[in-house]
Amino acid sequence: MLLHFSAGAQNFVSKNIRIGLFSSTPLEDIRAVSDNGNAVLVAKTREIVVQLAVKTLEFDRKLMQEHFNENYIESDKYPYAKFKGVIDQPVDFTKDGNYAVTVTGILSVHGVDKKRTIPGKVTVTNGVVQISTEFKVACVDHDIKIPKLVFTKIAEFITIKAEGKFNSLK
Amino acid sequence: MNKIKYLLISFSLFTLHARAQEADSLLKALDSGGVATTVDAAFKSTHVVLSHSSETQKKHDLDLRIRHHFGDIGGRFGSAHTLYGLDVATDLFIGLDYGVTDDFTVAIGRSKQDELFNFSGKYKLLKQKSNSSMPINMTLFAQLGWIAREPFNDGEFGQYSDRFSYFFQSIISRKFSSRLSLEVMPGFLVRNNIEDSGDSKNLFSLGFAGRMKITKRLSFIADYTVVNGLSRPKDLTETYYNPFGVGLEIETGGHIFSLNFMNSEYIVENNFIPNTKKSWSKGGVRFGFTISRNFTLFKSKNQDPDKKSKIY
Numbered sequence: 001m002l003l004h005f006s007a008g009a010q011n012f013v014s015k016n017i018r019i020g021l022f023s024s025t026p027l028e029d030i031r032a033v034s035d036n037g038n039a040v041l042v043a044k045t046r047e048i049v050v051q052l053a054v055k056t057l058e059f060d061r062k063l064m065q066e067h068f069n070e071n072y073i074e075s076d077k078y079p080y081a082k083f084k085g086v087i088d089q090p091v092d093f094t095k096d097g098n099y100a101v102t103v104t105g106i107l108s109v110h111g112v113d114k115k116r117t118i119p120g121k122v123t124v125t126n127g128v129v130q131i132s133t134e135f136k137v138a139c140v141d142h143d144i145k146i147p148k149l150v151f152t153k154i155a156e157f158i159t160i161k162a163e164g165k166f167n168s169l170k
Numbered sequence: 001m002n003k004i005k006y007l008l009i010s011f012s013l014f015t016l017h018a019r020a021q022e023a024d025s026l027l028k029a030l031d032s033g034g035v036a037t038t039v040d041a042a043f044k045s046t047h048v049v050l051s052h053s054s055e056t057q058k059k060h061d062l063d064l065r066i067r068h069h070f071g072d073i074g075g076r077f078g079s080a081h082t083l084y085g086l087d088v089a090t091d092l093f094i095g096l097d098y099g100v101t102d103d104f105t106v107a108i109g110r111s112k113q114d115e116l117f118n119f120s121g122k123y124k125l126l127k128q129k130s131n132s133s134m135p136i137n138m139t140l141f142a143q144l145g146w147i148a149r150e151p152f153n154d155g156e157f158g159q160y161s162d163r164f165s166y167f168f169q170s171i172i173s174r175k176f177s178s179r180l181s182l183e184v185m186p187g188f189l190v191r192n193n194i195e196d197s198g199d200s201k202n203l204f205s206l207g208f209a210g211r212m213k214i215t216k217r218l219s220f221i222a223d224y225t226v227v228n229g230l231s232r233p234k235d236l237t238e239t240y241y242n243p244f245g246v247g248l249e250i251e252t253g254g255h256i257f258s259l260n261f262m263n264s265e266y267i268v269e270n271n272f273i274p275n276t277k278k279s280w281s282k283g284g285v286r287f288g289f290t291i292s293r294n295f296t297l298f299k300s301k302n303q304d305p306d307k308k309s310k311i312y
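Residue numbers (the working numbering), protein chains in the order written: chain S, 1 to 170; chain F, 1 to 312.
These are computed hints drawn from the structure, not numbers from a lab. It is possible that part of the hints are untrue.
[To be verified] Under the rule of at most 25 Å between Cα atoms (straight-line distance), these lysine to any residue pairs were calculated in the SDA-like manner:
id	chain 1	residue 1	chain 2	residue 2
1	F	Lys58	S	Ser24
2	S	Lys145	F	Ile214
3	S	Lys77	S	Ala155
4	F	Lys58	F	Phe117
5	S	Lys62	F	Leu64
6	F	Lys216	S	Ser24
7	S	Lys165	F	Ala29
8	S	Lys148	F	Phe164
Throw the hints in and build the complete structure from the sequences for me.
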């Protein structure tokens, strides 16, 4: 394994990808964020995995956080949200540059897998790899039900943002 | 030709598999240092039916709680003459619970019965963890009761301190699954105002309570408190029963409604533990409800724009 890594197949990892969600309705804007996203990027295969323990998402109102975990995302049953895909465009991780890319893969949220192509940015500066993305997730796609009583407070499409720096594994 | 194709396919499958394994094993390695998370929300509310749950208010959240116990459904005081108890209110309660921190709640309330004011503090000492390091929640609860009504006779409340009662309880709960939570509540009540002169001023109690979710927002709740058979004398002129309540709890995001049936006429521990005189078996069961509304009093000082929520 060690030999394999040193033979040029560079891998990048991160334990502090910042992942946020944003729900906007005429009645209420709700945001939550976590700095504890884990991610792995395999340079050779352009494979990328980002995983978040959904319980680490923090809201500014704790009761809202409890309802998010208990009633919507069911974090006891489905503790992780995960996106695993392959960058569609070639990226040279050894040279500085900005790349607007798309990543095609599987988004797993609330126990439901959805094939998605997500736009994002890869930046390489002095050998440091950074990623950022913003995309929408439809609650209905992941079997997250919003009851009629609270319907107007929670958006049907949630905006997800993720950004972070990778450390290279040699 | 077919063989080559087969080989090619299996080879590409193999390499795909190998790649997937590489990313996944790296991810797993990252995750291995993960800390155990707390198991939150054993109960949706700070109360079950009659008793307290192990939950406390969230920091800076104020819960306005209105509770109502109606009259006997059956028996001498029930039936159609009182619309099965709905004409009668054996006890009414208005209370405020405020979260000083996430773990410490202070509360004030007032009941119709005895014009009882109650002041309480509740502290969450232990929190259940997702690994086996802490299997339970433990919450300590203390409540002062103050009877504000006029004395019924000259002898009552000879000393002003006779109006006070003190209740201490430790609430031990466990969330067994996302559906089922159970708790045990050993308690001790000290009071000066007793109805039956043979009764003990100090009473031990042992409560049991549970929550079973039917859907994400609808739960079946129940609690039972053993008082008779512990430290209470047996030869009393008055017959007392152990309080037992069942209910349905509906949560709508900020509001909690519960529709209950119970034998106890009274709402606050300092009243229902020593003074429940109605029985489930003799028409003494009654309907009751709780309405709880949660308000967030102060915006968190967190200036992180990614966390900000806004109500229009």
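These are the hints, each one checked on the structure:
no. : hint                 : in the structure
1   : F:Lys58 to S:Ser24   : holds, 24 Å
2   : S:Lys145 to F:Ile214 : holds, 16 Å
3   : S:Lys77 to S:Ala155  : holds, 23 Å
4   : F:Lys58 to F:Phe117  : holds, 23 Å
5   : S:Lys62 to F:Leu64   : holds, 17 Å
6   : F:Lys216 to S:Ser24  : holds, 23 Å
7   : S:Lys165 to F:Ala29  : holds, 18 Å
8   : S:Lys148 to F:Phe164 : violated, 47 Å
In the structure shown, a violation is registered for the earlier hint numbered 8 alone.
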